[in-house]
Amino acid sequence: MVDNFLLLVQNPNFALDVVLNGLLAGAIFALAAYGMSLVWGVLNIVNIVQGELVVLGGYIAYAALSHGVPAYAALPVSALAMFAIGWGLYYTVIFRVVDKDLFISILATFGLSIVIQQLTNTIFGSDVRSFDTGLGSFYMLDGAVTVAWIKVIAFVLAMVSGGVLWLFLRHARLGQAIRATAQNPRAAHILGINTDRVYAMTYGLNGALCGAAGSLAVMAWTIHPYIGLPYTVRSFMIVVVAGLGNVGGVVVAGLSLGALENVAGFVLGAEYQIAFVFTLMVLILVWRNWRAARRRTYLS
Amino acid sequence: MTLLLDVRDVTKRYGGVVANDAVSLQVREGEIAGLIGPNGSGKTTLFGAITGAYPVDGGDVIFNGASISHLRVGPIVRQGLARTYQQTRIYGEMTCMENMQISSRASQGNVMSLLRLKARGAQTRAEDLLSFVGLHEKRFEYGGRLSFGQQKLLEFAMALMSEPKLLLLDEPTAGINPTLINGLIDRLQRANKELGVTLLVIEHNMRVIMNLAEHITCLAHGRVLASGTPDEVRNDPRVLDAYLGAQ
Amino acid sequence: MIDPVLDRLRKTPEWLVLVVLGLVSLAAPFIMPGLVTQLAFLWLMVVFAQTWDVLGGQLGYNSFGNVIFFGIGCYATAVMQRDSGLPYFDALTLGLLLSALLALVAALVFGAALLGIRGHYFAIATLGLGIAAGELAAGWDYIGAGSGMSLPLFPGELGSRELFFYFVMLAIAAVCFLTLRWLYGTRFGLAMNAIRDDEDKAEAMGLHTTAIKTVAWAISAVFLGLAGGVAGNMLGFIDPRDVAFSGATFGVWMVLMAILGGKGTLWGPVIGAIVFHITKELFWTYLLGWQRVALGVLIVLIVLFFPQGIMGWLADRRRARAGGAA
Ligand SMILES: Nc1ncnc2c1ncn2[C@@H]1O[C@H](COP(=O)(O)OP(=O)(O)O)[C@@H](O)[C@H]1O
Ligand SMILES: [Mg+2]
Numbered sequence: 001m002v003d004n005f006l007l008l009v010q011n012p013n014f015a016l017d018v019v020l021n022g023l024l025a026g027a028i029f030a031l032a033a034y035g036m037s038l039v040w041g042v043l044n045i046v047n048i049v050q051g052e053l054v055v056l057g058g059y060i061a062y063a064a065l066s067h068g069v070p071a072y073a074a075l076p077v078s079a080l081a082m083f084a085i086g087w088g089l090y091y092t093v094i095f096r097v098v099d100k101d102l103f104i105s106i107l108a109t110f111g112l113s114i115v116i117q118q119l120t121n122t123i124f125g126s127d128v129r130s131f132d133t134g135l136g137s138f139y140m141l142d143g144a145v146t147v148a149w150i151k152v153i154a155f156v157l158a159m160v161s162g163g164v165l166w167l168f169l170r171h172a173r174l175g176q177a178i179r180a181t182a183q184n185p186r187a188a189h190i191l192g193i194n195t196d197r198v199y200a201m202t203y204g205l206n207g208a209l210c211g212a213a214g215s216l217a218v219m220a221w222t223i224h225p226y227i228g229l230p231y232t233v234r235s236f237m238i239v240v241v242a243g244l245g246n247v248g249g250v251v252v253a254g255l256s257l258g259a260l261e262n263v264a265g266f267v268l269g270a271e272y273q274i275a276f277v278f279t280l281m282v283l284i285l286v287w288r289n290w291r292a293a294r295r296r297t298y299l300s
Numbered sequence: 001m002t003l004l005l006d007v008r009d010v011t012k013r014y015g016g017v018v019a020n021d022a023v024s025l026q027v028r029e030g031e032i033a034g035l036i037g038p039n040g041s042g043k044t045t046l047f048g049a050i051t052g053a054y055p056v057d058g059g060d061v062i063f064n065g066a067s068i069s070h071l072r073v074g075p076i077v078r079q080g081l082a083r084t085y086q087q088t089r090i091y092g093e094m095t096c097m098e099n100m101q102i103s104s105r106a107s108q109g110n111v112m113s114l115l116r117l118k119a120r121g122a123q124t125r126a127e128d129l130l131s132f133v134g135l136h137e138k139r140f141e142y143g144g145r146l147s148f149g150q151q152k153l154l155e156f157a158m159a160l161m162s163e164p165k166l167l168l169l170d171e172p173t174a175g176i177n178p179t180l181i182n183g184l185i186d187r188l189q190r191a192n193k194e195l196g197v198t199l200l201v202i203e204h205n206m207r208v209i210m211n212l213a214e215h216i217t218c219l220a221h222g223r224v225l226a227s228g229t230p231d232e233v234r235n236d237p238r239v240l241d242a243y244l245g246a247q
Numbered sequence: 001m002i003d004p005v006l007d008r009l010r011k012t013p014e015w016l017v018l019v020v021l022g023l024v025s026l027a028a029p030f031i032m033p034g035l036v037t038q039l040a041f042l043w044l045m046v047v048f049a050q051t052w053d054v055l056g057g058q059l060g061y062n063s064f065g066n067v068i069f070f071g072i073g074c075y076a077t078a079v080m081q082r083d084s085g086l087p088y089f090d091a092l093t094l095g096l097l098l099s100a101l102l103a104l105v106a107a108l109v110f111g112a113a114l115l116g117i118r119g120h121y122f123a124i125a126t127l128g129l130g131i132a133a134g135e136l137a138a139g140w141d142y143i144g145a146g147s148g149m150s151l152p153l154f155p156g157e158l159g160s161r162e163l164f165f166y167f168v169m170l171a172i173a174a175v176c177f178l179t180l181r182w183l184y185g186t187r188f189g190l191a192m193n194a195i196r197d198d199e200d201k202a203e204a205m206g207l208h209t210t211a212i213k214t215v216a217w218a219i220s221a222v223f224l225g226l227a228g229g230v231a232g233n234m235l236g237f238i239d240p241r242d243v244a245f246s247g248a249t250f251g252v253w254m255v256l257m258a259i260l261g262g263k264g265t266l267w268g269p270v271i272g273a274i275v276f277h278i279t280k281e282l283f284w285t286y287l288l289g290w291q292r293v294a295l296g297v298l299i300v301l302i303v304l305f306f307p308q309g310i311m312g313w314l315a316d317r318r319r320a321r322a323g324g325a326a
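Here the protein sequences line up with chains U, G and S, keeping their order. Sequential numbering from 1 applies to the first sequence in the numbering used here. Sequential numbering from 1 applies to the second sequence in the numbering used here. Sequential numbering from 1 applies to the third sequence in the numbering used here.
No lab work stands behind these hints: they were computed from the structure. For every residue, glycine included, the Cβ atom is placed at its ideal position computed from N, Cα and C. There could be a bad hint or two in this list.
What the hints assert, rightly or not - Simulated DEER-style distance windows between Cβ atoms:
id, chain 1, residue 1, chain 2, residue 2, range
1, S, 18, U, 84, 48 to 58 angstroms
2, S, 159, G, 140, 19 to 29 angstroms
3, G, 179, S, 200, 25 to 35 angstroms
4, U, 292, S, 211, 17 to 27 angstroms
5, S, 288, G, 110, 45 to 55 angstroms
6, G, 86, S, 316, 29 to 39 angstroms
7, S, 18, G, 15, 54 to 64 angstroms
Stated by the list, open to error - Derived coverage of chain S by chain G (criterion: at least 3 residues anywhere in the stretch with Cβ under 8 angstroms from a Cβ of chain G; other residues may be distant):
id, region
8, 179-187
9, 211-217
10, 228-236
Next comes chain U alone, as it looks inside the complex (with noise of 0.2 angstroms):
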């Protein structure tokens, strides 16, 4: 452990090659991550789902792509396809526990986040996967960086998909009726805006964004069956650090993680990387409680 740390320290560029590697896969985990603010600040629900709707949309992604869809077409029809998922489980589920209390909402978004697991564990096999585009990796300081061409296409469209529906939120009428529900849903309803709707919606594009997350997790890294809980947490992590609604934040965050992780996983080994991931996790919520507590004040 202490090895692998001096190894970092040693050799500079060794480290960039790990911290960069790990920015690229924040991207991913950033774009996860805005998904779930957007359900949390609009529905008001942990939607403990959401890795499990990335994983999802990974194997779709992996599935098209073995039918012969080209790489191109993976992210719109993972996304496509996970809208309309997350769409129809807002219809059967989640609106029956938007106003319930929000332990109700964990363990229901908990329930199906197990639902989800072992679905896509029976039907395509708990096998690490992931779906190679053939693109080759270029090189830097003679080597001692290498970079997969397809990790930085991903980070790349990964902040086009988020910033496509940031843009979407800001301009378009139905991110206009998103905005005004997230901030009072009685007054919007009172408006006239059909709120039931637009909690539809806002849950199918968070359905949308994790298929995009998925479909790049699969092509640019791996999924199987189970990473699903990792990547709630890492989610839940990275909105609760940049605080709800604070786009620019959860990128910021979403990249430190990734890296941060990625050096985690070096210094520590590759088997303890998920345990970081938890750890940190709790760490940040102690701390955070801790900081309020000296203010005498309490966080809800």
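Go by the hints and put chains G and S with the ligands onto chain U.
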């Protein structure tokens, strides 16, 4: 009479808003003191500052001869300085009796003492105080099922159950059926005389506070505008201005 | 049809119910010798649901991480049995003591760190804690890392092992029940409910909220630690993610059973555990390959359509009948 509470130049800001600006007021042992002022003048904020809900940005609070402005809610209330809330807070999924039993002075003890005490302890005192506020018939009703006015009475009874030296009441008559207000004033006076609890009362209703309090402090825009006997305050032109200007 | 039975049950004095239940539990392994292990697991489920409800139901702190105390218990006993070199029963006894002690210490430490966190942040923090523990255990060589730990062979004749652990688990469940029954009857029980209903108010009324929360968590941790030590021996093998710190099975079942039976009541979790375990044992085998899907669906259905639980449903029903009669 000795001073029980001495608030010295307390300042409390919310971001840019100065909710309390160097507020001073005194409460003497055994009296009923009043705190008035238009909506948003900082009365509730001052209660929070006194009882330790948040740190103050300046000034000091002396209770019973010792400074308490660095203490938190728990230690302060255990010294005998209790409050009620404008928005009433009771335990909704516990019966009135349970609300009372867990509010007793003994319940403020450490965990070991709580483990030794039966949940059904202090029965008679709880029942007496519930009768005192007129809630005896409701004693097995859940707190959350009471009307707003009844919850206010329950919260008052709970505060008395903890045997405070000084009790801060935040708008005790708000939301109470007007025909019952005289009864409530009578109970506040009896709590003061018979149970020996010193009271500091925030009150909106001028008629009520003029009859009740021996000393009144008037706040406006976070500052003390006037203080003195009911007559002095009533006839102070600045107080009239503040109230007329606000309405 | 059900109401007369319920009325009858409600009028039965509690001591009679307890005596009958106790006798049935003592006789059960001899009446149903083929089911001893399943019955022992029933008592484990009862411990799970009851201890979860201390925080979840009585204190209003919904924990997804209580399984951590169970996992600590599993490993502590196993390590003592492996390394102490003592005769079987001495090592087991000392191991269980160590399990209880370590679980207690863990609850005090985690309690100090986490019990100030409120609402869904607490739920998610504890979820993270449980999973982090499993991942860390899976990487720690001293306790067998990812390949887990095997427990020593029971030194008795065939079938005596099941019977022995049945009675140990029964004893833990019974002592746990009686402890909580006593606890809820003290002023401490009321204080927990006060914190559940309005923690800021409870603090403003002078209750020592932090100490109360921590002690409550420590009490559930002790029983979970003991149960873990015994459960590891019942299974004969401890896997870090699938047994000791299994958030996806035990960790979720705890919550589900307590809600199913009725949060915040003494009997609710017991009833919920019995109903859940029997249902599970009866139908699980038919759901081969779909068991976890079924579990997820069950969570969603219970949370959406039956959040008040069996005890809550009974109370509603009685209230409705009283209203109808009046
Ligand atoms: N938690 C808070 N955050 C920000 N501003 C607050 C908060 N509480 C009160 N204020 C502001 O402080 C001022 C005083 O409020 P308050 O003490 O409630 O007045 P009163 O009780 O006299 O009606 C008001 O301007 C109010 O808007
Ligand atoms: Mg006020």
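A quick look at each hint next to the structure:
no.	hint	in the structure
1	S:18 <-> U:84: 48 to 58 angstroms	54 angstroms, holds
2	S:159 <-> G:140: 19 to 29 angstroms	52 angstroms, violated
3	G:179 <-> S:200: 25 to 35 angstroms	32 angstroms, holds
4	U:292 <-> S:211: 17 to 27 angstroms	20 angstroms, holds
5	S:288 <-> G:110: 45 to 55 angstroms	54 angstroms, holds
6	G:86 <-> S:316: 29 to 39 angstroms	33 angstroms, holds
7	S:18 <-> G:15: 54 to 64 angstroms	58 angstroms, holds
8	179-187	holds (count 5)
9	211-217	holds (count 3)
10	228-236	violated (count 0)
Of the numbered hints given earlier, the model fails hints 2 and 10; all others are met.
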